[in-house]
Amino acid sequence: MDDGPRIGVWVCECGGNIGGVVDVEEVVERFRGYVAEVSKETFLCSKPAIDGIRDAVIKQGLEGVILACCTPKMHLETFMRSLEEAGLNRAYIEVVNIREQCSWVHMADPAGATQKTIDLIRGAVERVRCSTPLEPLRMKVIPEVLVIGGGVAGITASLRLAEFGMKVHLVEKRPSIGGHMIQFPKVFPTLDCSQCILTPKMASVSKNPNINLITYAEVSEISGVPGDYTVKVTLKPRGVDLEKCTGCGECSPVCPVEVPNEYDESLGSRKAIYVPFPQSVPPAYTVDFGSCILCGKCLEVCAPDAIILDDRPKEIELRVGAIIIATGYELYDPMNLSNYGYGKYPNVVTGLEMERILDVNGPGMGQLLVPKTQRPIKSVGYILCAGSRDPENGKPYCSKVCCLYALKQAQMLRDRGVEVWLHYIDIRAPGRRYEEFYRATQEKGAMFVKGKVTEVLPYSEKLLVRGEDMMLNIMVENLYDLVVLCPPLVTSDDTLKLAKGLRVPVDEDGFILERHPKLDPLATKRDGVFAAGVVTGPKDIQTTTSEAEGAAMKAVNFLSKERLIEPNKAVIYASLCDGCGACIEVCPESAITLRDGRAQINELLCSGCGACIPSCPKEAMDQQGLSESQLKAQIRGILEPSEAEIKIIAFVEGEVAYTAVDLAGLARIGYPSSFRIIPLPSMSRLKLSHILYAFALGADGVMLLEAPEHEGPYGRAHAISEKRAEEYRLELEDHGIDSVRLWFSRIYIPDWRKLERVFKVFHSTIEGEGPLDPETRAFLRNRLGLT
Amino acid sequence: MSLRLAYYPGCTLKTNARNYEASAIASSKALGIELVELPRWNCCGTVHALAKDDVMHYIAPVRNLIRVEQLKNSGLVDDGRLVTLCEMCYNTLKRADVTVKEDQERRRKLREVMEEEPPYSGGGVEVIHLLQLIREVGWERVKKRLVRPLRGLRVAPYYGCLLLRPRGIGIDDANNPTIFERLIESLGAEVVEIPFKAKCCGSYQTVHMGHVASELSYRILRQAVEGGADVITLACPLCEYNLGERQGEIRGLFPDLKYIPVLYFTQLMALAFGLEDSVGLEMNNPDPRPLLRRKGFP
Ligand SMILES: Cc1cc2nc3c(=O)[nH]c(=O)nc-3n(C[C@H](O)[C@H](O)[C@H](O)COP(=O)(O)OP(=O)(O)OC[C@H]3O[C@@H](n4cnc5c(N)ncnc54)[C@H](O)[C@@H]3O)c2cc1C
Ligand code: SF4
Chain A
1010 MDDGPRIGVW
1020 VCECGGNIGG
1030 VVDVEEVVER
1040 FRGYVAEVSK
1050 ETFLCSKPAI
1060 DGIRDAVIKQ
1070 GLEGVILACC
1080 TPKMHLETFM
1090 RSLEEAGLNR
1100 AYIEVVNIRE
1110 QCSWVHMADP
1120 AGATQKTIDL
1130 IRGAVERVRC
1140 STPLEPLRMK
1150 VIPEVLVIGG
1160 GVAGITASLR
1170 LAEFGMKVHL
1180 VEKRPSIGGH
1190 MIQFPKVFPT
1200 LDCSQCILTP
1210 KMASVSKNPN
1220 INLITYAEVS
1230 EISGVPGDYT
1240 VKVTLKPRGV
1250 DLEKCTGCGE
1260 CSPVCPVEVP
1270 NEYDESLGSR
1280 KAIYVPFPQS
1290 VPPAYTVDFG
1300 SCILCGKCLE
1310 VCAPDAIILD
1320 DRPKEIELRV
1330 GAIIIATGYE
1340 LYDPMNLSNY
1350 GYGKYPNVVT
1360 GLEMERILDV
1370 NGPGMGQLLV
1380 PKTQRPIKSV
1390 GYILCAGSRD
1400 PENGKPYCSK
1410 VCCLYALKQA
1420 QMLRDRGVEV
1430 WLHYIDIRAP
1440 GRRYEEFYRA
1450 TQEKGAMFVK
1460 GKVTEVLPYS
1470 EKLLVRGEDM
1480 MLNIMVENLY
1490 DLVVLCPPLV
1500 TSDDTLKLAK
1510 GLRVPVDEDG
1520 FILERHPKLD
1530 PLATKRDGVF
1540 AAGVVTGPKD
1550 IQTTTSEAEG
1560 AAMKAVNFLS
1570 KERLIEPNKA
1580 VIYASLCDGC
1590 GACIEVCPES
1600 AITLRDGRAQ
1610 INELLCSGCG
1620 ACIPSCPKEA
1630 MDQQGLSESQ
1640 LKAQIRGILE
1650 PSEAEIKIIA
1660 FVEGEVAYTA
1670 VDLAGLARIG
1680 YPSSFRIIPL
1690 PSMSRLKLSH
1700 ILYAFALGAD
1710 GVMLLEAPEH
1720 EGPYGRAHAI
1730 SEKRAEEYRL
1740 ELEDHGIDSV
1750 RLWFSRIYIP
1760 DWRKLERVFK
1770 VFHSTIEGEG
1780 PLDPETRAFL
1790 RNRLGLT
Chain B
34 MSLRLAYYPG
44 CTLKTNARNY
54 EASAIASSKA
64 LGIELVELPR
74 WNCCGTVHAL
84 AKDDVMHYIA
94 PVRNLIRVEQ
104 LKNSGLVDDG
114 RLVTLCEMCY
124 NTLKRADVTV
134 KEDQERRRKL
144 REVMEEEPPY
154 SGGGVEVIHL
164 LQLIREVGWE
174 RVKKRLVRPL
184 RGLRVAPYYG
194 CLLLRPRGIG
204 IDDANNPTIF
214 ERLIESLGAE
224 VVEIPFKAKC
234 CGSYQTVHMG
244 HVASELSYRI
254 LRQAVEGGAD
264 VITLACPLCE
274 YNLGERQGEI
284 RGLFPDLKYI
294 PVLYFTQLMA
304 LAFGLEDSVG
314 LEMNNPDPRP
324 LLRRKGFP
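The listed protein sequences derive, respectively, from chains A and B. Numbering follows the working numbering, with no gaps: position 142 of the first sequence is 1151. Numbering follows the working numbering, with no gaps: position 160 of the second sequence is 193.
Any given hint could be a false lead.
[Claimed, not checked] Facing chain A, a subset of chain B residues (Cβ under 7 Å, in silico): (1) N208; (2) P228; (3) S236.
Read the hints as simulated data drawn from the structure, not as lab findings. We put the CB at the ideal spot given by N, CA and C, even for glycine.
The following block holds chain A by itself, in its conformation from the complex:
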């Protein structure tokens, strides 16, 4: 017996599920004397059985436990928990899958199944003998959240977090929070007053002691790791002391400079010292140094002495554990749609401008007048999908809210007796109460023309809209006083810049990419970074708010406990590293940097894919929990003493491909018993030497089953492996091994049926080739220094 750790082996019969095929008695006999303790159980997962193992561990002072039973996806966690309580370290617990991988798939070959069971258990025993204890990395998280963007998404998320007791830093680039929603007089589908429902929330933000509101500021730099980010925020010079300003408004009237007001979509004007709108939060004024002429008139009237005309930008630093991106959207520039005449004719406006025209506190006090010319508006034509669903001239996607806000505006106009026509492609009004809202608009007498508008032309003081009417199959030409374009909601340059700084990927349209579009839509691809609102794609306020609530709770959840991080990280033996940087290029997570001429791994960024390890020409890298010696011991344990005729090692990606193999077992698909499976995080963990080692020790074939690049948990690592496999094939030829003995396939979960064929084809290929000839094996053993 070995003098390594004292190991116990338990073999489960799983009723007859395993015992009916595998000769469990025989297996137990084989290990008697080989390990400190070996026995069988009818149901290893039963409570008495688990308690029994625990007792044995304690009484016999076992240091390692091998459980041969069903797939580890079933009970590994349960086993781990109780054995850890008994004082075992998780690095010394192994589950060997002899049900899905043996008894269920080799029913017609009980002898083969039994031999394979013995081999697999031996592999696990050998592996555990080389284990070293693993301690999870513990990381203290900063219990504070940065929310970027103060639209309805950012406001809602901040309030929810604050309510929970979490400290929030809300950064908004404009002088006031409110976002687009505060620009609307009314909101669909209820037609309630937008400002009436949002203003109280904005006020709560400013009063909440848990919220640090930072307006007129932008995030300039983000560093650190999930759970502990350092964020630099640049405060634009505001020219007004937020503490001192009472918002009395004496300054604005004396200011001689008048410029367009962004809040009114530049239809109205403001002074160089201004609040964008009366209920701004914070209520303090702002000096727009882009237009201020520094005349100093405002200084004279400011009683509290709050104005600072030589203000400079400032930088502050925050430390937060999580980040919520809520930077919303912009409208696509309608100048790009030259056939619609925006920018050329004053009576062509965007939907957003129309919101301001309709607002009783808007630039025209809600009077229906054409901007600039001030002609009365008696008829309005809407052009929907003005650049949406139009890959050639705009964006390919549907902007989702335009149909509904056009219906909303149409109702408001109809209520005031204005003639309204909507030129649409399809009216998209799914969603609670939206179809009803559409019908109500029809009942109010708005006219609908189905068909694309080809162009907008000036016609004396009016506009001539030419387009098709697909229902009547004619061209229509209508005259309107005002034309409203509904351009797509698009991502902003600010958002793209931010995403780059955070290393959060965006999709093909520049919206923040969800971690999973269906199952995890509020998380981004980065741990600890969440997103809510239109920043992930066009949506209405209702969905935006739900997302904001959800993102807030996800952030709370992320920060609620000390982060325990799996210790499955790559490690570098610094004394061997010469700083060549090969690993840096490979790492999909950019977790490796060069410091003092040596590679260094950031454990918090490393995902544990293992792709870097084979890239190191100095063999200076290894992985915790899956060390070189563990891996080799397992290969040796499986192969060397085995009596099987043909032996194939199948390295299988541990999540997707492994589950497919399990499913094949569940379906009792039969395949040859020559395959022995070793799971790996990704095939890119594999070195050429592992493959050579397997051949040297008795393998006749090696199979790699990799996850598809976009389905596997390790992203690019799953792509790298295919190229490596190609190189390994060439190398095998150089070593006198026919490259057909190395197989590479990608398997995704629904593909499990395909496995039967894959296994059978490879087995018969190897059978055809015959066992690897002894000379080659001897040569390999020699080269690898094996006796």
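Got chain A; can you put chain B with the ligands on it based on the hints?
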């Protein structure tokens, strides 16, 4: 030294639109451009567009393009550009050149049926319209040549459809063209913009569906009159036929329409450059001379 360039007249320029050709040649010369008529030119091919035979549609224009290459090689012109006047010719020749360049299969077919000609693979000749050339020469040069600026004349430019479409071969932004406007301003006249300045005049529909062309042309004419224009200017003999020659007929259908003379842009140039002999106003219908005389032009 003037710039010598190959020039493609096309059929109408030698018959109904002789005034277009004469004024174009004369005013180009005034701007330092010598238009060298392409030897042995044939139909541009547009008539064949009306037939089903797709190959014929390319043989005709491509043969003309081959002539340009030959002319260029003989050294009688300064470069490989081909100047056109008629919009239809411009469009047909330009499109053929682009298609032949991009479509390998079509190129192969053409080679087969044109084995006696040297091969042409597209892109060797640059088909341009005279308006483009003037823009390139520069509005300043135009202004310098003015002998009698057209002060007080209100001109509605009409682009028609073929100068601007399809996308990719148009000489200006199809939705927002300005080239005509700049020329009119440079000649000292006033621009009257009409909504339908780039809408179809009815084109060949005039042959067998006269009423369609009449309706389309009527709207253009009415807009010009309502906009207060004295004359319409254009660049295409077929447009001129629909808007000018047929104005009497259109008035029969729409009696409210007032007469409005229609001139080629080159005639306005010749007038402004003081080239009376080449203006050829006697060929225009309705006759613009009474109006011009009223406005103080001889
Ligand atoms: C014309 C129109 C009418 C609409 N009407 C309705 C309606 O009636 N009902 C409805 O449900 N939906 C409506 N919508 C949709 C609605 O606007 C959105 O659902 C909602 O505004 C999304 O909120 P948000 O917070 O995600 O984005 P936004 O409202 O765009 O807010 C984003 C905020 O982030 C700030 N910001 C951006 N970049 C940065 C940065 N780098 N740093 C700091 N701050 C930044 C912005 O200044 C802004 O305050 C309408 C949309 C349009 C275009
Ligand atoms: S390659 Fe993989 S294992 Fe290596 S440092 Fe990067 S994430 Fe970690």
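Hints, one by one, checked against the model:
1. The beta carbon of N208 of chain B comes within 4 Å of a beta carbon in chain A, closer than 7 Å, and the hint placing it at the interface holds.
2. Hint status for P228 of chain B: holds, given a least beta-carbon distance of 4 Å to chain A, under 7 Å.
3. About 17 Å separates the beta-carbon of S236 of chain B from the nearest beta-carbon of chain A, more than 7 Å, and the hint is not met.
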